[in-house]
Structure formats: structure tokens, C-alpha cells
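With chain V's structure known, arrange chain A on it following the hints.
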Amino acid sequence: MAILAFLGRRLLAAVLLLGVLSVLTFGLLAASPGGPEQVLLGGRPSTPETRAAIRAEYHLDDPFPVRYARWLGDVLSGDFGTSIAYREPVVNIIAERLPITAGLAAYAVVITVVVGVPLGLIAAIRRGGTLDQGITATSLIALAIPSFALSILLLYGFAVALGWFPVFGVGETPMERIVHLTLPAVALASAQTAIVVRQMRAAALDLDQQDFMTFAKARGLARPTVWIAYALRNAALPVLTVGGLILAANLTGALFVEQAFGLHGLGSLLVGAVGQKDIPIVQMLVLLSGAIVVVVNLLIDLAYLAVDPRVRYGAMEAA
Amino acid sequence: MTLLTVTGLTITGRHLLVDDVDLTVAAGETLGLVGESGSGKSLTARAVAGLLPKGLTATGSVLLGDGAGMQLIGARERVLRSVRGNRISLLMQDPFTMLNPLRTAGLHIAESLPKRPRGGTLREEVVRRLAEVGIDDPAVADRYPFQLSGGMRQRVAMAAALAGDPELLIADEPTTALDATTQHEILMLLRKLQEARGMGVVLITHDLRVAFELCDRVSVMYAGRIVERGPGAHVAKEPAHPYTSGLLAALPSVTRTLPVLTGIPGNVPPAAEVTEVCAFAARCGQATAECTKARPVLRELGAGRHTACLHEVRPRNDHAPEPAPAVQTSRPFFTAEPGEPLLRIEDLRKAYGTHVALGGVALEVRAGESVGVVGESGSGKTTLSRCVLGLVTPDGGRIELAGEDITPRGRRTRAARAHRLVQCVFQDPSTSLNPALTVGSTLAEAAAQGPAEGRLSVADLLDLVGLPAAYAVRKPRALSGGERQRVAIARALAVRPALLICDEPVASLDVSVQAHVLELLRGVSRDLGTSLLFITHDLAVVRQIAERMVVLFKGAVVESGETAGLLDRPRHDYTRRLVASVPPTP
Numbered sequence: 001m002a003i004l005a006f007l008g009r010r011l012l013a014a015v016l017l018l019g020v021l022s023v024l025t026f027g028l029l030a031a032s033p034g035g036p037e038q039v040l041l042g043g044r045p046s047t048p049e050t051r052a053a054i055r056a057e058y059h060l061d062d063p064f065p066v067r068y069a070r071w072l073g074d075v076l077s078g079d080f081g082t083s084i085a086y087r088e089p090v091v092n093i094i095a096e097r098l099p100i101t102a103g104l105a106a107y108a109v110v111i112t113v114v115v116g117v118p119l120g121l122i123a124a125i126r127r128g129g130t131l132d133q134g135i136t137a138t139s140l141i142a143l144a145i146p147s148f149a150l151s152i153l154l155l156y157g158f159a160v161a162l163g164w165f166p167v168f169g170v171g172e173t174p175m176e177r178i179v180h181l182t183l184p185a186v187a188l189a190s191a192q193t194a195i196v197v198r199q200m201r202a203a204a205l206d207l208d209q210q211d212f213m214t215f216a217k218a219r220g221l222a223r224p225t226v227w228i229a230y231a232l233r234n235a236a237l238p239v240l241t242v243g244g245l246i247l248a249a250n251l252t253g254a255l256f257v258e259q260a261f262g263l264h265g266l267g268s269l270l271v272g273a274v275g276q277k278d279i280p281i282v283q284m285l286v287l288l289s290g291a292i293v294v295v296v297n298l299l300i301d302l303a304y305l306a307v308d309p310r311v312r313y314g315a316m317e318a319a
Numbered sequence: 320m321t322l323l324t325v326t327g328l329t330i331t332g333r334h335l336l337v338d339d340v341d342l343t344v345a346a347g348e349t350l351g352l353v354g355e356s357g358s359g360k361s362l363t364a365r366a367v368a369g370l371l372p373k374g375l376t377a378t379g380s381v382l383l384g385d386g387a388g389m390q391l392i393g394a395r396e397r398v399l400r401s402v403r404g405n406r407i408s409l410l411m412q413d414p415f416t417m418l419n420p421l422r423t424a425g426l427h428i429a430e431s432l433p434k435r436p437r438g439g440t441l442r443e444e445v446v447r448r449l450a451e452v453g454i455d456d457p458a459v460a461d462r463y464p465f466q467l468s469g470g471m472r473q474r475v476a477m478a479a480a481l482a483g484d485p486e487l488l489i490a491d492e493p494t495t496a497l498d499a500t501t502q503h504e505i506l507m508l509l510r511k512l513q514e515a516r517g518m519g520v521v522l523i524t525h526d527l528r529v530a531f532e533l534c535d536r537v538s539v540m541y542a543g544r545i546v547e548r549g550p551g552a553h554v555a556k557e558p559a560h561p562y563t564s565g566l567l568a569a570l571p572s573v574t575r576t577l578p579v580l581t582g583i584p585g586n587v588p589p590a591a592e593v594t595e596v597c598a599f600a601a602r603c604g605q606a607t608a609e610c611t612k613a614r615p616v617l618r619e620l621g622a623g624r625h626t627a628c629l630h631e632v633r634p635r636n637d638h639a640p641e642p643a644p645a646v647q648t649s650r651p652f653f654t655a656e657p658g659e660p661l662l663r664i665e666d667l668r669k670a671y672g673t674h675v676a677l678g679g680v681a682l683e684v685r686a687g688e689s690v691g692v693v694g695e696s697g698s699g700k701t702t703l704s705r706c707v708l709g710l711v712t713p714d715g716g717r718i719e720l721a722g723e724d725i726t727p728r729g730r731r732t733r734a735a736r737a738h739r740l741v742q743c744v745f746q747d748p749s750t751s752l753n754p755a756l757t758v759g760s761t762l763a764e765a766a767a768q769g770p771a772e773g774r775l776s777v778a779d780l781l782d783l784v785g786l787p788a789a790y791a792v793r794k795p796r797a798l799s800g801g802e803r804q805r806v807a808i809a810r811a812l813a814v815r816p817a818l819l820i821c822d823e824p825v826a827s828l829d830v831s832v833q834a835h836v837l838e839l840l841r842g843v844s845r846d847l848g849t850s851l852l853f854i855t856h857d858l859a860v861v862r863q864i865a866e867r868m869v870v871l872f873k874g875a876v877v878e879s880g881e882t883a884g885l886l887d888r889p890r891h892d893y894t895r896r897l898v899a900s901v902p903p904t905p
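Protein chains in written order, with this note's numbering: chain V, 1 to 319; chain A, 320 to 905.
A hint or two may mislead.
Some chain A residues well away from chain V (every beta-carbon gap over 12 Å; in silico) [stated by the list, open to error]: (1) G347; (2) E631; (3) G722; (4) H891.
To spell it out: a stretch of chain V is covered by chain A in this simulated footprint if at least three of its residues, at any positions, have a beta carbon under 8 Å from a beta carbon of chain A; those stretches are [as the list claims (entries may be wrong)]: (5) 178-188; (6) 203-217; (7) 221-230.
Keep in mind the hints are simulated off the structure, nothing from the lab.
No residue lacks a Cβ here, since even glycine has one placed at the ideal position from N, Cα and C.
Same shape as in the complex, but just chain V (with noise of 0.2 Å):
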């Protein structure tokens, strides 16, 4: 029950957030230079009566309340408006570029779990050894790397030189998407790995330390349960917080790899529209990042009540 009220706080929370942003969102178009009706025209000249037409279908006199609550009714009903730009619905755009952006994100964090969080803990349990040091300091090249030139190299050497993947496009099976994306998340995933190793060292190192570690190893406990029992789930809410982030972050701001990678995910589909100015998909883009964040951030929050019974108490006793 403690916990449900606990949800229910946060997810109010989110709603309010939400609101928000979506008040600062729909504040775009209309504090847009040139006049909402010429960002609608999208740059084309015009005359006097083609204005006061957009004018008049677009409610662009009434007040801003009165064609905000319209907006929203909108949005809610899901009707995010048409693009200037397409002539099409954004919604349909957009349906179009998430699986695309969703499948690289997902595909990155993965492979940024799989392989972080183990040289991690590697890293930290052989800390000063040779292996430690070139852990780190590979994960500082990857670190300096920004993600738009290893797009570069690694096309180069494994698609072009090498041949094993292939050059450009997502595939039509899903079998071919994972072997289209797998260039694209691991030039992705490779700063953000780096950062996962850096986190996961960093909280294993201090583990190495605590008073909880050496009692486990004073009653003689078994290697797995003091590794996986008391290091990985002590040091893990750390990473959790960082894995969640990661995961935001990719799924809105991926857009120097799908350039790179020639993909049509949602990150160049935003640098047309600023562009271009088509202010419905920039709103639903920036509104669709938020409730990514926001999601995400709740979803940190299920998983800390999950792993940490002190949040879980605490949670329910502020409830």
C-alpha cells in the first residue's frame, strides 16, 4: 500500500513536470520570430489574406490560455499537428524514426552493461595491477573519442576495409537490424562504457574497503555470494543511476552517430526540423524527450526501491 502511494506521488510528479514542459513547448510557436502564421508558412512569401486565413484556422487570435487548453486537447487525443516541412501528421513521422532510435539506445545500453560493469568490478578487484591500469586507461580513450569520429573509423575498418558489416541502411529482419546497428551502438556505447568501468571502479574500490566486506570473508562465505551478494549489489545503485541516464540520453541525443550511419532515427530527423523550422516536430520531439527523462527517472527510482530495503522503508515511511 506505502509503496503504491509512493508511486502515486511520483507519477503526479511526473504529470505536473510534464505540464510543464509543455507549457514552455507550446510557448515555442508562438514566441517564434517572424509570428507564429510565418513559421507556419514555413518561409514561403505571402499575401495578406493567406495570413489572416492561417490566422483564423489556427485560432492564432484567440488567447494564449484558450489556444494552449486547445493545443493540449490535442495532444492528448493525440494529435500532435501536421509537419510543415512533410505535409504529413508528426505522429506518423515519428512512429516511423522510433524503432530505430529505440533499437540503437536499447542495443548501446546493453552492450555498455555487459561489458562495464564486469571490467569494472575487474578493474577494481586487481586495482594497481596491469590489468587495472590498461582497464582505465582505455576507458580514457574511449572517454576523449567523440562518438561522430568513431562512427568514421569504424565504418572505415569494418565496413568499408574489412567488408564484415555493412556500409549503410537498418536491414529489414530483425536479424538484419542487429547486424545494421551494431557499428552505430558500439560507437555509441563506447564513451558511455567508459564512464559505466570509471562509476563501477569507483564504487568497487570503496567496497574493497568496508567493514562488511572483510566480515563476509571473516565467516568464510563463499566467492560468488561475496561478489555477487555484497560487491555487485552494494556497488550496483551507483551504476543504476548512471545506467538510467545513459539510457535517456541515448534515446534523445544519438544524433551525431545516425548521422554518421546515414540512419533515420528521431536524432536526425530533430536536426531537420530545427532547421527547417518545423516547429510540430521540434514540439513533439522536445516533449517526447522529456517523457523519456522523466520515465526514466521513475524507472530509477523502481529499481533503487528494488535493490535498497533502506529506500524502501524510507519510501513508506514518508508515505
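Leaving out everything else, chain A in the frame of chain V:
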């Protein structure tokens, strides 16, 4: 039957840390390993369990069992793991960090059982183990460590450490982080378990009184080596090494007020610097040229007694201690008619949610007087001091200092005068001093908060607390714990306060250093006219420093009066329990 034979144990990291230590423990026996911080006692224990921190190596011999025994030095991790838990177990100091915060109490015990029974039997076994350590409520098995009190956690940890039925338990300061009454309970529990199981116990402690109360034999460690050993009662009565004798002299007593507290001058040297001489010679009043020629070996005195001293130790009461030098100052800090009320607290109340920290506390400190506030964790003593300092806003009541109402009320800023009238010395000088500032800048900064007229210079302040003026250029980390606390006291005195609040100022210091700091604080109250509000959990300390005292229990004053009378004839039930839990001073 011998359980453990340690010979020539030497531990090195970047420097030598433990130097040639010999120990034996028999079944059913409690061996005390006594020493101050840095003496190497904890490392010795860790080495025996094969749990030295990374980067440290042990040489010598640690034989487990009778006869030929099993060599643990250089043993493979797999071998050590098979020994830990069911032959040797280790109990650590801090019950707040020793248990995994993500696992329940019951799971800690269950996972440590060697042959894990299934289902209902497992639950029964866990409940039985909890009952063994005095926890009769089976529901505790389902609690997480953060839901238990310190004493309960230490009991759970003990049950987990003993789950594999080890022959030997190493207890590393198992009660240091606990309240006095809890401390006593845990020590008695340890003794009971040791007798019931016929276990060997190595008890590591800095508290001589605890060691003498509980241990059959005691080994005193200093600078990484053993300087004296023998049956506990003998060592307490007739110390055969000047270091032991010095430690005993520095022990405050709960039964009498000592005219002068004598600490041991100087600091503990690093073990690596004294390998070829007597480690204690530089601080010893009896040292002769011979002491620094060669390293004295442990010589036998008969009846299982050994000492690493060449000389006969002078009896403690042989010479009357010299009176402590007065704390020098041109004029007293605060002049008021002695006996006039300085701090008056009336009906002070503060609650955090449903928890009542202070439930109507009244207290008075007169000019030039020192008043002790005694209580355990949760008694409200820290909230009280924070209210007087203006750091906590009380829910109700009144605080009056030198005739002025200084009760903190919400956001209204306190008069600057209040900060000059009252200052504070905190428990841990290693965290209360800014590590980035030199001692001189810290003191100059503090002095600048006071009035310009009669401002004390950095050199004056250092002189006041008995430190050389050259210390002004040092950073806190280049000082020892006692020296840091002196700097913290000098910082508090920099604005010439009328009232000094001391919040457990000696709780994190070693005994030999504690005496110096207590003597300094006595001088401050005697010679500078500054009143003290001395907060502590240690009855022996309060006996030495406070003329009057109050006992706080769950946010209320349960007893107050002249310190000596109160401690000799406690009236309230809780005070009686507190007094009874103090181990006797030898």
C-alpha cells in the same frame, strides 16, 4: 589445548608496521591485546585471519591447532576460506558498517551456517542462534541492519561470526562504537558465550579497564611490538613496563577526582624507526643510555610475566605528580562574579517528527564553572549543545547567556555577540579542522571574528594550548590527534568566549593523549574564567572535569548535582545502571 601459536609475526607495507609478535591462545582462554591507535594490534588480528588489507604482507608463523598445526602464513586463499568462519572468526568494531545493509539479520546468520539446513529447519536454527546472543524476538531475523540499534546489530554480528562454531574468535574492539550500558552487556555476553562454548577469544581493545576485567592474560602492544605480557590481574596491579604504568596513570577514574591528570609526553614513533632500540625510550622517564643501545628482549619475570624493559619499573605512587602549569594569559577572558549565572536554559523542547530529542530540559551554568552533561546516544545531549550554539531551532523554551536571550528562533539571525560568548570544541579534530588551511590561518581567521581590542595573536593562542609557535605553518594532517584537538581548542578560545561547549572532546583520543587534553581544559576553566559545558558519555572523564553534572536520559534530566556526590551515590535507576557499567579502574 593450544588453539593458536603466533611466532615472529612481522607485517610490512611501505614501512614496517608490526615487528616480531609472539602470541598463544588456548581453548577456553581470553587473551587481551591492548594498545593505543597505531600499535599494530588490529593488523595482528587481521594477519591471523589472513585478511590483511591489500599491499601489506605478513611473515613469520601463524599455526592453527595443537601439535604440528596448520600454517596460515602463505596459505592459499582456498585454504584460508575453509578455515575462516568454522575455525577462526573475526568480529569487528563497528556494528553500523559490519553488516551488509541490503541483507536481513537472519540471512547474515543463515549464510554463515556451515551445513545449511533447508526451509523450516533453517528458520529454527536462525532463531536458535539469535536466542544464543540474547535476542528472543524471532522477528528480528527479518529486520534489516538499519532497523536495529547498535547493540542489536553487534549481537546479530556476533551470532553470524559464531554461526560456523569456530574454536577461536577474534574480537577487534567489539564495543568501542557502543553506548556504555550496551558495551557492558555485549562484553558480558562475550564472556558468557566464551565459557559456554569453551572457545578461545582474542580481545583487542584500547581500553585497559575492559582488558583487565575480561581477559585471563594480557599482551600490551606499543609501536608494533609487544612490550609486556602477563595475567591481567598482575599487570593491572604491578605494571612491569613504564608504558603500561604510564597508561594506567593516565586512566581517569570514576571513583575519585585526581588532582592532576598525567599523560605520557610525546607521540608513538613509527615501528620502522625504533627497530634497534627500546620503542618507548624517547617518552620514558626512566630511560638510560642502555635503552637506546640495543633492543630489549622480552625477559621473563616469572609466573608467566614478561617485560621488554631493562629496568625495574618505579611504583606509580612513588612520586607526587607535579602540578600542571597554569594556562598563561595577560588577563582572564571573562570576568563576572564567580557563581553568577552565565547560561540558563529553561524548559528546552525539541522534537524531530515523533521522536522527542529534548522534552523540557532545564540547566544552569555559573560563571567560571564547568558542568558535565552525561548521556548515551539518543539522550538529546547533542541537540542540547546545538541549540545553545544556535545551530538548531528549539520548539520551545528559553536559552539565556550572560543575561541575554539567545534562543534561536527560526531565521532571525543571532546577535554577533552570541558567537563571541559561546564557542564549541567538537569530537573529532581530524574532521573539525579545515584540512586545506594551515594552523595559523585557522586561528587567525577565528580570532578575526572577535573584537579588535585585546585580540590574541596566533602565537599567543598556540602558547595558550601548549603548542610551539612553529606549528602555525603546519597543516592539520601533519599533527597528531592530540595536537589537532589542542588546535581546535585554541580556535574556540580565539574570540575569548565566556562559555566553551565541549562535545565529547576526548572520545576519539588515546588514553595517554586524553589526559593532556583534559588537563588543558581544566586549566582553561580554572585560569581563564571560561565556563565549560562538557558533553560526554564517559563517567570517568566527567568526574575529572566537571564540578556539577546532569544526567540526560531520553531527552529529560533524570538527575543532577555535584559530580562527586552524584557518582558516588547515584539515586536514579538509570544513573545507577550507568555507574555499574563502568569497568573498575585498576
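Hint by hint, here is what the structure shows:
1. G347: 22 Å, holds
2. E631: 42 Å, holds
3. G722: 43 Å, holds
4. H891: Label holds. Min Cβ-Cβ 33 Å, cutoff 12 Å.
5. 178-188: Since 0 is below three, the answer is violated.
6. 203-217: holds (count 9)
7. 221-230: Since three or more residues must qualify, the claim that chain A covers the segment 221-230 of chain V holds, with 6 doing so at under 8 Å.
The structure fails hint 5 only (numbered hints given earlier).
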